Amino acid sequence: MIRNPFLRRIAPQLIILGIVLGLNVLVFPDFFHVEMKNGRLFGNLIDVLNRGAPTALLCVGMTLVIATKGIDLSVGAVMAIAGATAASLVVDGNHWTVAVIGALSVGALCGMWNGFLVAFLRIQPIVATLVLMVAGRGIAQLITEGTILTFLDPGLIHLGAGTVKGVPTPVLIWLTLGLFVAYFVRRTALGMLIEAIGINEASSRLAGINSRVLLVCVYVVSGIGAAIAGIIVAADIQGADANNAGLWLELDAILAVVIGGNSLLGGRFSIVASLLGAMIIQSVNSLILLSGMPPEFNLIIKALLIIAILVIQSPKVAHLLYILRASAPQSHPKQLPPFKESKR
Amino acid sequence: MTDERRPMLQAKGISKFFPGTVALDNVELTLHAGEIHALLGENGAGKSTLIKCLTGVYRRDGGMVVLDGTEVDPTSTHHSQTLGIGTVYQEVNLLPNLTVAENLYLGRQPMRGPFVDRRRMNAHARETLRDYGIRIDPAQPLATYSVAIQQVVAIARAVEMSGKVLILDEPTASLDHDEVQLLFSVIRRLKDRGLAVVFITHFLDQVFDICDCATVLRNGQVVGRLDLATASRNDVISLMLGRQLAAQVRAPKPETAGKPLLQIEGLQKTGMLGSFNLDLHEGEVIGLAGLLGSGRTEAANLIFGAVKADQGKLRLRGKDIQVRNPRDAVAHGFALCPEDRKTDGIVGELSVRDNIVLALQARQGWMRKVPRKKVDAIAEHYVRTLDIRLANLDMPIRLLSGGNQQKALLARWLATDPDFLILDEPTRGIDIGAHAEIIALIGRLQQDGMALLVASSEMEELVAYASRVIVLRDRNQVKELTGDEITSENIIRAIAADPRMEVAE
Amino acid sequence: MSIKSILLASAVALSPFAASAQDMTIGFSQIGSESGWRAAETTVTRQQAEERGITLKFADAQQKQENQISALRSFIAQGVDAILIAPVVATGWDGVLEEAQDADIPVILMDRMVDASEDLYLTAVTSDLVHEGEVAGQWLVDTQAGEDCRIVELQGTTGSSPAIDRKKGFENAIAGHDNLEIVRSQTGDFTRSQGKVVMESFLKAEGGENICALYAHNDDMAVGAIQAIKEAGLNPGDDIKIVAIDGVPDAHLAIANGEMNATIELTPNMAGPALDALMAYKTDGTVPPKWIQTESRLYTAADDNQAIYEEKKGLGY
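Residue numbers (my numbering), protein chains in the order written: chain A, 1 to 344; chain B, 345 to 849; chain C, 850 to 1166.
Chain A with its partners taken away, still in its complex shape (with noise of 0.2 Å):
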């Protein structure tokens, strides 16, 4: 038995992100193969961390959002919003940093709408992140007139595409952001905090804790996950896509942090297990991709597996191979019956 209890938090999420790798390494031997090419590190396993930036991203907010009951539709469409508005101010000749700083406060100004119609106005959070999600695809396409907004600048391209010695930008921004926040949540109190809200509300509310504004926070925090995740996509592909930016993706930020063992009802959580839970995601894509099948079978394999990481970790069968190992049955959280998988 592992005496950590941080490292047995997560040890299923390693144990199945370890066996989806070993996968990899079966349909292609050189998988783990990483070398320097044209001044970047390149390898299977460095497009695995950089492809799964814009998931890992999304799901550091997504993973505090679902710990206090909460769920947020919205993540892919600010991530476009966010891409657009980056997008248009360089175009429109401001400095990158400018163009960050706009999309930052545009992700962070959605993240406020969202929290406002769920802390004040009680609409549920599906529904009340809904609305952004129908409409925000649409304001992206306003602001780039439906078109792919090209650009050319350096510095924002350098966001999704460059390299810092070697590693890609993306990489270190979503490491640097998750695991500070994972950090930061910890060191302070929010953690809790935001678990009590997430467990009774009620209770909270009566001992103290300024649950609306905890509430607004989270999604603030969502939302400015999604807008760096918006900027990292627009940056890679140097354009602003509006209809297809962060398509579908807040699904695989939700599957994410159930993949870490979060409870969509609220309260534990860990944003370390959801980063591995969006590291696991992307291995199960690059398995896919590195296979060769033909592409009509993507969706069958990828839903297949996903099918199968949920019930090795669905609470029966957890129970049973607690039975198994004669160790004496725990508790387990709740758990909602697995999200199906409906990236196209």
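Be a bit skeptical, because a hint or two may be false.
Claimed, not checked - Only part of the chain A face toward chain C is listed, based on derived beta-carbon distances under 7 Å:
id : residue
1  : Lys37
2  : Asn38
3  : Asn44
4  : Asp47
5  : Arg51
6  : Gly146
7  : Thr147
8  : Ile237
9  : Asn244
10 : Leu289
11 : Leu290
12 : Pro295
13 : Glu296
Unchecked claim - Residues of chain B clear of chain A, computed beta-carbon distances all greater than 10 Å:
id : residue
14 : Asp513
15 : Asp522
16 : Gly618
The hints are simulated quantities; they were obtained by calculation from the structure and are not laboratory data. All of these numbers come straight from a predicted model, not from anything done at the bench. C-beta: ideal position from N, C-alpha, C; glycine also.
Starting from the known structure of chain A, arrange chains B and C on it as the hints suggest.
Using the frame of chain A, we list chains B and C on its own:
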């Protein structure tokens, strides 16, 4: 009450255990045909647990149920219904968007071939309801009618499906006077039809109005059976609130109160509490007495800001203060242990440690996390001094027994070092040992100079530790007892007093 | 010759009929503006009508058939002289097309076909998706001239008809040329970012030096793939030849920069041939064929791609 008659329903020695508590202890209940039987007791006395054991929601852990001469063992509400025991709850559990007739006949609709025979169903429904004294169009959705009519439909459905015993669990809680009369006329008709009716309510007037006899529960035990034709209100109330601990030694009370701490003037909210006034000193324990629904909990919540008051002034140590929400209250050194531990108190999935430190952390703000060492010190201190029984501090608090949960909640608030502690039913639903400890704790806190406001339905508790007792009735402050006036008899008299007689006094 | 001059020339050639076109009113029911190409088609249709002096009534259906049907009904009620429609789906048009026929209003389909009797519309102007793929494949056959070539393919959205037909056409063209082999084929969902992601995996799975050519079902995916190739330290257009379909401005720019080799234009000018056929029908009763295929023109480095880029940029791509 002739005992020669064969009872319609007889429950013998019913026991039910929950982890850490005995919910029902050897309970006896006898119902006769054509009798309306009141089941009385404060919250947590075991009324609803008893009902659930009789109707198969819970499996009883001991005892037997005899229905109309044969022993039965209902395994579900549906099963008990087919046996002949129907139940109607306070919240109408019918389907408001279906029609009245559909609600009456759901699951046993008259059919014509594969189709529901609507015309026949509506005709039957109209006839049936006429027997209950209401004339309505059964083809309309249930939601178009008032709660009282919906109650009657629910009763009709329960009676038509079962027909021997009808259990009414607080059916009048949300009805006005005329609606109550409508319901009573229906219940009297059923009595004449020979049904045995169990009536649960908190309104004593209604008990005396309609019931023939009463069984009183307290802490899971039957404390008395009364023939209501001869019993008085005082008899009922003293049975409900108990007095067997009255001989207990009183906690020492300071001769003189400390410095003035908090003045409350005209605190009120429409529909919850009439004008409430209180002058509180340091080192004082004020008791809040009254029956359920008298405004005890409401007063506690309004003072703490859990519910926003319409008007009222609070002055703390001579300065006007605003308490708009619990956060304000905590900032002013208030603390509240709520009545409903589960929904308003504990944060179930969080560890005991986090639960204890929650209020302190909320007051400090999220930026300044209470250091782990200090948290452990606080938690261990209270686990020791309050004798909280647990495996370790990391276990989720929901796994603790009721008494230990209550102590952990007390620890949560004591950790904030409050000047003014409000306890709402601090001893409800906890075992005897923890009960005595909490009473002792109240005495200690008082001696340390803390001001306490304790709302309780346990009369002799209040007598034991309160320096003053405020009596509430019908959401109004009706009497304040001080010093030697504080006796169970006086409290009961104040609660039971007929308003008109009071004027005459 | 620039597009504009072609358009002007055709306008001049049409001038004898300009008098009759002067008072003509035509309804145009467009699907929406889901892609840059669609926006360009709308722009070009407006231009084409304007050059012929035709009044164009425009209705945007926002991807909904019921919106298109009600737009058609309103055109019929207004008594327009003809209707252009880019149908959002293939089925369910019989009723409203019969209504148009009863009102003697000719209907011309643009860009997409419908499953309805041919009598119900005057003609359909579309490109041939299979042919586009064949042009791309033929270009590669000619360029390679017998040299061995391992090809990777970026497919469109799985199951969509452009993905199926463009794949089929390309395979038709390279069939029988044993030097050409498709070694990897995966969907890039018609988007830039997926094009880049999938190309990255191709480069790793096959090794960049082992890939000789990329065939992408649309230009957007090719533009994404170009970035992936550059990041892998290879020269797109040189180390790996790139051919794609659509002829969007960014593809012309890439060809001008030497990062891409060829694109096959899916012309946004469906309205030109449609209006020509309509004028001929109206003035001297010439019944056009039931299908007018637009040209699938191949653009390579031999064309002045910089100029074409500048021309097309303004069309709303």
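**Study point:** Violating hint indices (sorted, rising)
**Key:** When the structure is compared with the hints, none of them turns out to be violated.
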